[in-house]
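K.L.:
Sequence order for the protein chains is A and B. So the first sequence is numbered by our numbering: it starts at 457 and just counts up by one. So the second sequence is numbered by our numbering: it starts at 6 and just counts up by one.
Calculated directly from the structure, the hints in this document are not laboratory data. Glycine residues also receive a C-beta, built at the ideal position from the N, C-alpha and C atoms. Any given hint could turn out to be false.
What the hints assert, rightly or not - Simulated pairs of lysine to aspartate or glutamate, DMTMM-like, Cα-Cα distance not exceeding 20 Å:
{"hint": "1", "chain 1": "A", "residue 1": "Lys523", "chain 2": "A", "residue 2": "Asp459"}
{"hint": "2", "chain 1": "B", "residue 1": "Lys29", "chain 2": "B", "residue 2": "Asp68"}
{"hint": "3", "chain 1": "A", "residue 1": "Lys565", "chain 2": "B", "residue 2": "Glu49"}
{"hint": "4", "chain 1": "A", "residue 1": "Lys492", "chain 2": "B", "residue 2": "Asp68"}
{"hint": "5", "chain 1": "A", "residue 1": "Lys562", "chain 2": "B", "residue 2": "Glu49"}
{"hint": "6", "chain 1": "A", "residue 1": "Lys562", "chain 2": "A", "residue 2": "Asp482"}
{"hint": "7", "chain 1": "B", "residue 1": "Lys29", "chain 2": "B", "residue 2": "Glu19"}
{"hint": "8", "chain 1": "A", "residue 1": "Lys524", "chain 2": "A", "residue 2": "Asp534"}
{"hint": "9", "chain 1": "A", "residue 1": "Lys565", "chain 2": "A", "residue 2": "Asp482"}
To be verified - Negatives, chain A to chain B, calculated, CB over 10 Å:
{"hint": "10", "residue": "Asp459"}
{"hint": "11", "residue": "Glu470"}
{"hint": "12", "residue": "Asn477"}
{"hint": "13", "residue": "Tyr489"}
{"hint": "14", "residue": "Ala497"}
{"hint": "15", "residue": "Gln500"}
{"hint": "16", "residue": "Leu501"}
{"hint": "17", "residue": "Asn508"}
{"hint": "18", "residue": "Asn522"}
{"hint": "19", "residue": "Lys523"}
{"hint": "20", "residue": "Lys526"}
{"hint": "21", "residue": "His527"}
{"hint": "22", "residue": "Arg531"}
{"hint": "23", "residue": "Ala533"}
{"hint": "24", "residue": "Gln557"}
As the list claims (entries may be wrong) - Now the in silico label distances, taken between C-beta atoms and shown as ranges:
{"hint": "25", "chain 1": "A", "residue 1": "Asn477", "chain 2": "B", "residue 2": "Gly64", "range": "21 to 29 Å"}
{"hint": "26", "chain 1": "B", "residue 1": "Ser78", "chain 2": "A", "residue 2": "Asp472", "range": "39 to 47 Å"}
{"hint": "27", "chain 1": "B", "residue 1": "Glu67", "chain 2": "A", "residue 2": "Glu494", "range": "28 to 36 Å"}
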Amino acid sequence: GEDVEQSLFLSVREGDSSVINCTYTDSSSTYLYWYKQEPGAGLQLLTYIFSNMDMKQDQRLTVLLNKKDKHLSLRIADTQTGDSAIYFCAESPNSGAGSYQLTFGKGTKLSVIP
Amino acid sequence: DAGVIQSPRHEVTEMGQEVTLRCKPISGHNSLFWYRQTMMRGLELLIYFNNNVPIDDSGMPEDRFSAKMPNASFSTLKIQPSEPRDSAVYFCASTQSRGGGYTFGSGTRLTVV
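Only chain A is shown next, with the shape it has when bound in the complex (with noise of 0.2 Å):
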């Protein structure tokens, strides 16, 4: 079945970039998400990508895609510390009665020092 794996922690100081990575396992995934999660707050959509682009830039957040590895990554330039959440990777499988499922991975907690 559909697995996302992510590392847990990812700690990094205020002005210096992060990357957070995802894994996932189903070959057939047509858009892959990533969410971010403030304390006390419900899952934000921050961004997603098709399965047939390996780019997409919006702002500060670049995200790749390498389908051939199944890996995704999530890159916050100049990071702030209000971008301290748990940043969470998803994928929507291409199948018919569950296209509208997301897999979740388990959220990577970005904490930024300053």
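Here the structure of chain A is known, so what remains is to put chain B in place on it, guided by the hints.
P.N.:
Chain B only, in chain A's frame:
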């Protein structure tokens, strides 16, 4: 748009009591999802509805859990009887299309004592 609205934000109840969590999806979204989040297990999909019809409830942990969606603007998740191990944050999410991702509510933090 007010987003996905969940109520209550916090619920503390005694073991054995019935608990009802509520969700109002975004207008026009035709799929609704209930998730549970704990430190140990992360995010778990409990059930999802498409056009008000339950499609997959394989994540519902036990018969004590039930979910309904009587119309496009309202869903409930009920736990009867509740147990301490049900303590978690319960999220509702909705979506209109596969590519757009989900919009999550702020969650209900349930504590069963």
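K.L.:
Could you run down the list of hints and mark each one as holding or not?
P.N.:
Right, here's what the structure says about each hint:
1. A:Lys523 to A:Asp459: 15 Å, holds
2. B:Lys29 to B:Asp68: 24 Å, violated
3. A:Lys565 to B:Glu49: Given pair Lys565 of chain A, Glu49 of chain B holds - Cα atoms ~18 Å apart, limit 20 Å.
4. A:Lys492 to B:Asp68: 32 Å, violated
5. A:Lys562 to B:Glu49: 10 Å, holds
6. A:Lys562 to A:Asp482: 16 Å, holds
7. B:Lys29 to B:Glu19: Violated - the C-alpha atoms of Glu19 of chain B and Lys29 of chain B are around 26 Å apart, more than 20 Å.
8. A:Lys524 to A:Asp534: It is violated: about 29 Å lies between the C-alpha atoms, which goes past 20 Å.
9. A:Lys565 to A:Asp482: 24 Å, violated
10. Asp459: 12 Å, holds
11. Glu470: 27 Å, holds
12. Asn477: 17 Å, holds
13. Tyr489: Given that some Cβ of chain B is not farther than 10 Å from that of Tyr489 of chain A, nearest at about 5 Å, it is violated.
14. Ala497: 6 Å, violated
15. Gln500: Non-interface label on Gln500 of chain A violated, nearest chain B Cβ at 7 Å vs cutoff 10 Å.
16. Leu501: Non-interface label fails for Leu501 of chain A: nearest chain B Cβ at 4 Å, not farther than 10 Å.
17. Asn508: Holds: least Cβ distance 12 Å, greater than 10 Å.
18. Asn522: 20 Å, holds
19. Lys523: 17 Å, holds
20. Lys526: At roughly 19 Å from the nearest Cβ of chain B, Lys526 of chain A sits farther out than 10 Å, so the non-interface label holds.
21. His527: 20 Å, holds
22. Arg531: Label holds. Min Cβ-Cβ 19 Å, cutoff 10 Å.
23. Ala533: 22 Å, holds
24. Gln557: At about 7 Å from chain B, Gln557 of chain A fails to clear the 10 Å cut-off, so the statement is violated.
25. A:Asn477 to B:Gly64: 21 to 29 Å: Holds, at about 26 Å.
26. B:Ser78 to A:Asp472: 39 to 47 Å: 45 Å, holds
27. B:Glu67 to A:Glu494: 28 to 36 Å: Holds - the Cβ-Cβ distance for Glu67 of chain B and Glu494 of chain A, about 31 Å, lies within 28 to 36 Å.
Comparing the model with each numbered hint stated earlier shows that hints 2, 4, 7, 8, 9, 13, 14, 15, 16, 24 do not hold.
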